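Please build the complete structure, drawing on both the sequences and the hints.
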Amino acid sequence: MTTVAHVHDSTDNPYALSHLDSLESEAVHIFREVAGEFERPVILFSGGKDSIVMLHLALKAFAPAAIPFTLLHVDTGHNFPEVLEYRDRTVAKHGLRLHVASVQEYIDAGKLRERPDGTRNPLQTVPLTEAIQQHRFDAVFGGGRRDEEKARAKERVFSLRDEFSQWDPRRQRPELWQLYNGRHAPGEHVRVFPLSNWTELDVWQYIQREKIELPEIYFAHEREVFARSGMWLTAGDWGGPKESETTQTRLIRYRTVGDMSCTGAVDSDATTLDAVIAEIAASRLTERGATRADDKMSEAAMEDRKREGYF
Amino acid sequence: MSTSTEQLTEQLAATTLLRFATAGSVDDGKSTLVGRLLHDSKSVLVDQLEAVEHASRSRGQEAPDLALLTDGLRAEREQGITIDVAYRYFATPRRRFILADTPGHVQYTRNMVTGASTAELAVVLVDARNGVVEQTRRHAAVAALLRVPHVVLAVNKMDLVEYREPVFAAIAEEFTTYASELGVPEITAIPISALAGDNVVEPSANMDWYGGPTVLEHLETVPVSHDLTACHARFPVQYVIRPQTAEHPDYRGYAGQIAAGAFRVGEEITVLPSGKTSTITGIDALGEAVDIAWAPQSVTIRLADDIDISRGDLLAPSGDAPATTQDIEATVCHVADRALAVGQRVLLKHTTRTVKAIVKEIPSRLTLDDLSQHPNPGQLVANDIGRVVVRTAEPLALDAYADSRRTGSFLLIDPADGTTLAAGMAGESFATAKAVAVVEDEEGWDF
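Listed in order, the protein sequences are those of chains A and B.
With this note's numbering, letter number 142 in the first sequence gets 142, and the count goes up by one each step, no holes.
With this note's numbering, letter number 138 in the second sequence gets 138, and the count goes up by one each step, no holes.
What the hints contain is simulated information worked out from the structure, not anything from laboratory work.
In this text the structure is predicted, and so the values were computed from the model without any measurement.
Just so you know, nobody snuck in bad clues.
Listing some non-contacts, in silico: residues in chain A with all C-beta distances to chain B over 12 Å: (1) P81; (2) A92; (3) D117; (4) G118; (5) P122; (6) R136; (7) R223; (8) R228.
One-sided and incomplete, this derived list gives chain B residues near chain A with beta-carbon spacing under 10 Å: (9) V85; (10) A86; (11) Y89; (12) I98; (13) Y251; (14) F410.
Just so you know, even glycine gets a beta-carbon here, dropped at the ideal spot from N, CA and C.
Below, the structure is given as structure tokens:
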């Protein structure tokens with residue numbers, strides 16, 4: 001009556017790709033589609049692990065030729081110095097061209113106003129979208145992953161944005177097979193997410209397999225931090241701690257890298273990739289839940305920011 | 001590195017990836033099943049659960065509503081329905097999973113088609129109390145149409161029929177007969193209670209008459225790769241890599257993802273549509289030179305001759321190259337809100353090639369409920385599935401979708417603004433044509 005599958009261990013099949021190979025192959029395919037179909041693509045590069053993996057995949061996709069894209073970083077002005085140093089070193093090493101859009105310059109020019117909570121993450125949207133318009137980028141690679149957040153779980157791999165960079169989740173193009181539709185009108189652009197199907201653990205395992213160098217803040221180190229909203233924030237010129245908050249030295253590491261004002265550290269003694277992977281595999285918290293203040297603002301915080309043009 | 005870390009690393013490295021889709025009517029308990037799979041495989045983390053509990057409480061619900069885990073958009077949470085496909089990720093020590101969680105509403109057929117297009121397996125849920133209903137047949141038909149290799153019938157809410165075997169057996173038999181006629185190659189029926197957890201992750205103590213796998217066990221063991229020898233090898237060229245540097249002055253490689261089958265160094269290939277031939281002198285698999293590569297690997301292929309090849313060309317073994325054609329007959333699922341009409345000018349995207357095309361005919365529209373064909377509808381509207389005849393401005397090397405999901409599929413795009421209009425599958429719709437009865441009457445139109 002019913003047909004039961006022939007149970008066999010799929011890893012015995014010599015033609016079965018490992019999950020990392022499948023994800024890598026898919027991401028490379030996405031990079032090459034963009035290179036084949038767009039005029040002015042750019043990779044968003046922050047020096048964080050997802051954008052580092054994206055850059056690594058792009059290098060592999062076009063080897064032995066150079067990556068046919070430039071890079072763009074939206075600098076909040078509150079970035080970790082180690083990460084900026086890593087960013088500049090990487091750009092120089094691969095002979096790439098980096099555009100920097102600066103939140104600080106927007107604030108200094110009076111075009112953006114500092115928020116009362118000091119968080120600069122939401123302020124990135126305007127410099128980002130204006131840089132896209134100014135440079136006439138038509139495809140913008142982001143390291144967003146669908147496992148990060150429930151609004152991102154709804155994101156397409158090729159996501160059309162209007163001339164105001166807005167995302168309309170109810171009017172997305174259906175995306176079938178591996179046939180990505182990149183058609184867009186002048187002024188519009190497409191956000192492209194090659195890591196859509198990767199999880200945090202996949203990213204770490206891939207970094208380990210490919211022996212990719214990372215900024216040191218991803219590994220356990222001693223740092224002056226203070227507690228705010230249940231997270232450890234790095235003390236610094238950006239505006240922390242306040243008078244009511246006290247700093248202490250703790251052994252911590254970062255799971256995500258973003259603006260210092262809203263990216264929290266986790267207590268950790270993981271100093272190697274193996275230890276980090278073991279820690280994440282055992283963690284009962286998502287990376288965003290553990291370390292991002294901006295996602296806790298409301299139930300639809302990410303969706304609302306994405307609609308405005310945020311990644 | 002400690003032993004446990006070593007074990008963990010080994011365990012993580014040995015996994016393969018299964019992409020699957022779920023389909024079910026509104027109240028069949030799909031969210032509960034998905035929630036339980038995620039929860040019991042420990043893929044729902046504390047902060048996500050807390051967010052769901054918080055949101056459930058603020059809506060006045062007593063128990064956490066697991067559907068809130070998967071309904072990511074404001075509008076979905078407001079309306080309590082799933083509008084769009086959401087992708088979920090979870091893992092067991094044996095395998096990684098990408099779940100396309102597709103809406104059950106009839107008006108979102110296009111989203112189920114979207115989810116099924118990349119799925120190796122589809123889970124169709126039915127309520128044990130209702131058995132096979134119209135929506136079940138529609139889901140089976142979409143799985144058959146998209147040629148999803150494995151279908152699981154999950155007969156849910158067995159707890160509400162006292163876990164009786166005859167109830168399950170009758171539903172399983174009716175579904176298996178129907179789906180087999182459509183050409184679904186493999187069907188596995190599993191009696192479950194998503195709410196109580198019977199046969200989802202743990203075997204059920206309430207149904208000792210059932211000797212098959214649990215849902216998760218089946219997902220972990222179903223084969224994901226196909227017999228390569230049975231596939232026609234196909235390589236759509238995505239991009240030409242020419243570094244023109246001092247180190248690589250003469251390197252010329254054709255980059256792409258192998259769509260089907262395998263390619264070997266030394267093999268003679270034909271370039272389509274030009275028909276020129278050459279021999280493979282090298283395959284670079286993302287940094288490593290290899291002798292053989294297979295689908296779905298992304299590679300770069302080098303050839304013995306400097307022939308004119310660009311994005312949109314297709315490489316195939318000379319002995320097994322597809323015919324090229326400008327006249328395509330296919331089944332399409334219409335995915336846009338605006339209609340597709342006879343005489344309409346469109347763009348057709350097939351693999352890496354986009355060409356101008358015109359819709360010559362729409363011979364029939366299919367009613368998924370009973371698989372009847374209604375002749376000459378004149379146009380297709382959102383969520384319609386129909387046969388179309390398209391004439392392209394340039395020849396395409398197109399396979400039948402039955403032979404290759406990758407090189408037998410295409411998109412129809414509105415040239416005015418780039419809207420994706422329809423998803424096409426070349427050749428016959430279902431594996432066995434006899435199941436499709438031609439009905440000439442006008443009943444069943446649901447415009």
